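One-letter residues, chain by chain:
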Amino acid sequence: MARVRPGHWQRAGRWTTLALLLALVVVPLLKLFAVVAGQGWAPVRQALGGPGAVHAVVNTVWVGITAAVLAVTGGLAAAMVTERSQVPGRRWLRIGLLLPLLIPPFSTAVGWSLAYGPAGLSEEFFSLAVPGLLGPLGIVLVLTIEAMPLAYLVVAAGLAARAEPDLERAARASGATAFDGFRTVTLPLLAPALRAATVLVFVTAASSFAVPAVLGTPAGFATMTTRIYQSLTFSADPASFGEAVTLAAALVVLTLAVVGAADVAGAAPAIRGGAAPGTGQPGHRGRGALAAAAGLWAYLALATGFPLLALVLTALTRAVGLPPVPANWTLANFSQALAGGHAGAALAHSLALATVAASALVVLGGLVAALERRPPGLRLGTLVTLTFAVPGSTLAVAVLLAYGRWLGGSLGIILIAYLAKLWALGHRPIAGSLDRIPPDLYWAARTSGAGVPAAVRTVVVPILRPALVGSWLLVFLFALHELTMSSLLYGPGSETFAVVVLNLQQLGDVSATSALALLLTLLVSVPAVVLLASRRLGRITGFQ
Amino acid sequence: MARRGSLAVLVALALVGAACAGGGEGDRSRQPGRPAAQVTMYTSVTQDTVDAVLGAYRARQPDVAVKVFRAPTGQLNARIAADRRAGGIKADVIWATDPLSMQQYAQDGLLRRWTPAQASKIPAPYKSDTFWGTRILNMVIVYRPDVEPVPVSWSDLTNPAYRGTVVLPDPAFAGSALGMLGYFAAAPGYGLDFYRKLKANGAVQVEGPPDVVNQVAQGRYNVGVTLDNSARPAVAKGSPIRIAWPRPGAVAIYSPIAVFDATRNPTAAESFVNFVLGPEAQQRIADTGWQPIRGDVKGSPTPAGVKQVTPDWPAIFGHQAQLLQAYRSIFGG
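As they're listed, the protein sequences go chains A and B.
Using this note's numbering, read the first sequence as starting at 5 and increasing by one per residue.
Using this note's numbering, read the second sequence as starting at 33 and increasing by one per residue.
Rather than coming from a laboratory, the hints here were simulated on the basis of the structure.
Hints are not guaranteed to be accurate.
Said to hold, decoys possible - Not close to chain B: a few residues of chain A, all C-beta gaps over 10 Å, as computed:
hint: 1; residue: Ala46
hint: 2; residue: Gly309
hint: 3; residue: Leu382
As the list claims (entries may be wrong) - If you want the footprint, here are the derived chain A segments under chain B, 3+ residues with CB under 8 Å:
hint: 4; region: 70–81
hint: 5; region: 481–493
As the structure is a computational prediction, the values presented were derived from the model and not from experiment.
Quick reminder that beta carbons are idealized off the backbone N, C-alpha and C, glycines included.
When you get a sec, could you build the whole thing from the sequences and use the hints?
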């Protein structure tokens, strides 16, 4: 393939991306490490060397890796059912699989605890409780279920973008069984998407706070995120503040080690076919596919439906502890959740910030993915994953240290924090599908006279549409649901929904917080269901 | 086309340069266009109480604008720590929910030394020369009505009759629970052995006082330790729990308010703090369900005649890390 000198657009794109990387990712990370270095070695050794800290690190690593492996396996199975089979009701299955993403994470662990914990809903009606829910096994279970939609979205986007029915049909026609065809053709083609999904799930699980706090505290199970939160609670003491920042820096180093190794190991591009992406999918409708679909529906009912039911019943019941029968139902919790006068403006700010962040990061993520392919092939993707791994509070502190003087208390600094944290979510799904674009098509368009924008619009975007839509959805939902950054960075007049949520949690009524979580879920579900259920929109987004 | 790229580079370099130049304490220059009578408050007090007090203040002093940054204690402290390292604290007043953070800020010289006119009405254990208590949070016992026997003292929690059914808030997460830990660690007849006995009796820790109320109400546990203000709304709504004020006394945590030394509006800030300590604001605080610090305010939600005990805050201060370590060696986390 001829090497072409980069033109104006390529240079502009490259320099813009590098400059923004520097400003949004490198500078906050440097500020973080500057605080750590400013303490000297002794406090760092003390913060990381105690047995409690070592336990927290070990716990974080094994929980993250286990959740990643399980979630990606589940996501792959689910994606194969919805994208490579013709079972009826696939569109509704997609909605069900993505539902956990729509539920705010601050209520997922609570919903599970209410549903399957001791004295929970399942114990009341079926005399069954999940043993070990309040402990490490429960944490891994809930993190896996929470992260599976993320893995599913990335892998499904990869499957949809690499519609190579000819290769798969050729394998079947040559006598391979379905499983052999899957193992030798589909899996290697999916390797970049699988790697992207694993990295995202690992980092999400390692930096999750709500699940270990709710399910791990009763068992005395600490993770780095709970330790950081605890150190920040007492961070009036500069030593405690330094400890929190040191642990966050350790999490960055840990992520660099794990994710960097994964990225370097998978650097070779997958096999490229020369054929244009087709539209016909090999559809399996046999008993195996139907059984798999039925299994998925059962999983959805147990893992998502029942905890959601527990949340709904808690939100409707007048007071905690009363039986959730219709006689005790009331809508007072919903009005209490929205009381206070700040809720409307806060929600508007959150929606606006999430939309802007999602739109910007899809572009920036694509740029980083494209830049990674150009020589010298810098591991920029690993770099943006580092800020994704930093827990929200500490990243907010780093952003405040960097830009607080000029932008403190404005919506702008919150947007900067969102862009810094969620860039990896814009980058990984696209990077997982990028190598499926046949380069000949792009060069053919350029040779025929199309400029770079036209060539990108007509060649790259249609193939990448599922990945682009997936990225946008992920960034939007994560930005809408995030709690710790905007509640630390906001100023009067720039409240986000996080402020409302945290205030309600401090007041303590689980009925009101469940009501708030449900309202937020409903708010995003309505457009999401419309998007996913509509046939026409499905064609536009690439999910058939 | 190349200019587009260079412009982006220049903008980003400017951002980076500005970021690198930031950091370190320095003089804050007055921003143009701000009214002189503006007070910025950093607080971790719940929004309804803040709104009630601000509403009363606005009626009293309509020309003073009070801007509020409200966040949980951890976020609040992190914000102040970041402010200190990036140009100085941007607030005039701080209203915290536990005395230990405030004591640390006082020791670091961040608080203004002055005496409000209302200070004489504040009981002596709840004030110093830089901060004053505004309300009292009581650690009490909640229990399900069908529990036998009914708990009446703190040591009852180690009763084998409650085996595996006692729940406590984690002091590593909640400042009020740390205050309680500090009290028991020094109290005669209790000490850290109290916590060891609790653990041996199967007590479980959860994140915070609100979770204790929720889980006792649900029936997951029968007896718990929580804040009176978390339990009362649940009782009022109809949850099946009762509050016990245990012997020798409910552990009283107080919520202090102070003025930052770096304030740009000392007169307005001091007048606001004085207002919060005055009868009108204290009445509003009582109305939102907290025990006011002043004894001359009617409508305190605390029942008359209950006993309260106070942790020895100066003794706890500076030893929080040791206390937490000792606690973690018993309960983990």
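Consistency of the hints with the structure:
1. Remark: the non-interface label on Ala46(A) is consistent with the geometry, its nearest Cβ contact in chain B lying 14 Å away (cut-off 10 Å).
2. The beta carbon of Gly309(A) is kept farther than 10 Å from every beta carbon of chain B, the shortest such distance being approximately 21 Å.
3. No beta-carbon of chain B comes within 10 Å of the beta-carbon of Leu382(A); the shortest separation is about 17 Å.
4. Coverage of the region 70–81 of chain A by chain B is violated in this model, with 0 residues showing a Cβ closer than 8 Å to a Cβ of that chain against a need of three.
5. Only when three residues or more bring their CB closer than 8 Å to a CB of chain B does the claim for the region 481–493 of chain A stand; here the count is 3, and the claim holds.
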